[in-house]
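Number of protein chains: 2
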Amino acid sequence: MATQNSPIGVFDSGIGGLTVVRALKKALPTESLIYLGDTARLPYGSKSAATVTRYSSQIADFLVGRQVKYLVVACNTASAYALPHLRQSLQIPLMGVVEPGAALAVASSPKKKIGVLGTRGTINSQAYREAILRLNPEVDVFSQACPLLVPLAEEGWLDTAISADIVQHYLDLLKASCGEIDALVLGCTHYPVLKDLISLRATMTFGHQIHVIDSADAVADAVAKDLELQSLEYPPGLTAGADHFLFTDDSRFNEIGKLFLGRNLSNAEHVDL
Amino acid sequence: MATQNSPIGVFDSGIGGLTVVRALKKALPTESLIYLGDTARLPYGSKSAATVTRYSSQIADFLVGRQVKYLVVACNTASAYALPHLRQSLQIPLMGVVEPGAALAVASSPKKKIGVLGTRGTINSQAYREAILRLNPEVDVFSQACPLLVPLAEEGWLDTAISADIVQHYLDLLKASCGEIDALVLGCTHYPVLKDLISLRATMTFGHQIHVIDSADAVADAVAKDLELQSLEYPPGLTAGADHFLFTDDSRFNEIGKLFLGRNLSNAEHVDL
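So the sequence lines, in the order shown, correspond to chains B and L.
Numbering-wise (the working numbering), the first sequence opens with residue 23 and increments by one.
Numbering-wise (the working numbering), the second sequence opens with residue 23 and increments by one.
In isolation and in its complexed conformation, chain B is listed as follows (with noise of 0.2 Å):
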């Protein structure tokens, strides 16, 4: 049975949810963190619905079986697909990356025009789209399937000439669809790690300053008022135990984690689903 002391549970389809960890610990200094990346069967980006949401409920049962207090979807594709039946399904509050960042792009965006940026699940399950509209329906969306983004991330290509020339063939499609946007949405949590990089082109290729919104920091702002609403917090005093970080390949995690996490990966184990 999970308690205040209980650690939460964040998973992703692999190590882009690290960036999701990185926001919730300066967020949350006290939580202690069980982190679930399913490297063996990412990438989620490209998959079906129903793959996508089979696969997140055995790792959501696998974290509560770990007896986690709250979980954290720090994966776009799996939020967008799966959520609800996570809802359904599980004993525990939990939180996605779609609607905080849904709301920070609303609170940035003046115009009322935002732009998405996400894997073409994401971008086919329109999950933005809808969360977006029902904060405001007054807003346009205009959403950007970008596929290779992730293989470039992941390969550490981030500020090389072809790097630049992917981004700008995605933003020249965004604004062929829009003409026009002052907030950008990376609804990947692969994407921060090249937000330099697209938030000069977008600059450069809308002719003004675009808001680049990043969810991690929405949604580690969102889990610390959703803990305190619960009264899951950790109690104060006390010192939390270490975080333990999860693969269910071996493969490169604690190469790739460092550029996601920010720091050397500790207690990294294997696990099978």
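Hints may contain errors.
Identical copies go unnamed one by one, so any copy, or any two together, can satisfy a pair.
Claimed, not checked - Taking lysine-lysine and the DSBU-like style, the derived pairs with C-alpha atoms no more than 35 Å apart in a straight line are:
1. K47 - K247
2. K247 - K217
3. K134 - K197
4. K217 - K197
5. K133 - K48
6. K133 - K217
7. K197 - K280
To be clear, the hints were calculated from the coordinates, so they are not data collected in a lab.
Fit chain L to the given chain B structure using the hints.
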């Protein structure tokens, strides 16, 4: 119990292995095939030997349960990592893609200098290097991992400026490590759809014609010889049943599959593993 009349099983991590199906249908038009593409868990090329071997064993057991008489491992990463284990555990004959490709490369390299392009997994396994050196210990083998070529091929970006830049980047790295080659193995079943671009750029990079080796044809010839040797050919005068295409995730296999198979997929079904 499989007989001469039974189908040949073929598997790959996704849809790349359809290039091998295409070659098999040309070499063995009377045989029927069951193809399984593990699209729910693709790609294999960035994952560890343990994970790839576990997934390959599951698929092989599934296909043996469907009474296949012969198994073709149409994925370079699975051939590189899992073949010894499958040889030990299965009761039916099988063929990977590495050894036929290595043999064709040795036969195509009068200068005894061979380049190999592949996924990170295939290159790290050194499977091509070892297979080539077993055939001729005097050959120099130079390998280059090309992680972005699979996503490029899956996106169908076959003839764009970005694809040309990425291919050129990897060929420049290869040239810097070796100086000279006269044959270049496409060590991944996704790469044949990029063959024209790779051939053109390799010729420009090395300043003379390079024999670009697509393992698919070599595998089909090797399977045809092996079936004859083991008296497993489909009985003459009979009509084989229809081919079947099974996928573990439904997303986009019809759309992308056509690119790799050269025709529309018929009899495509979803299976869970």
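Hint check:
no., hint, in the structure
1, K47 - K247, "within (14 Å within a copy, 60 Å between copies)"
2, K247 - K217, "within (26 Å within a copy, 54 Å between copies)"
3, K134 - K197, "within (15 Å within a copy, 51 Å between copies)"
4, K217 - K197, "both (18 Å within a copy, 32 Å between copies)"
5, K133 - K48, "within (31 Å within a copy, 59 Å between copies)"
6, K133 - K217, "within (22 Å within a copy, 47 Å between copies)"
7, K197 - K280, "both (33 Å within a copy, 30 Å between copies)"
When held up to the earlier numbered hints, the structure conflicts with none and fits them all.
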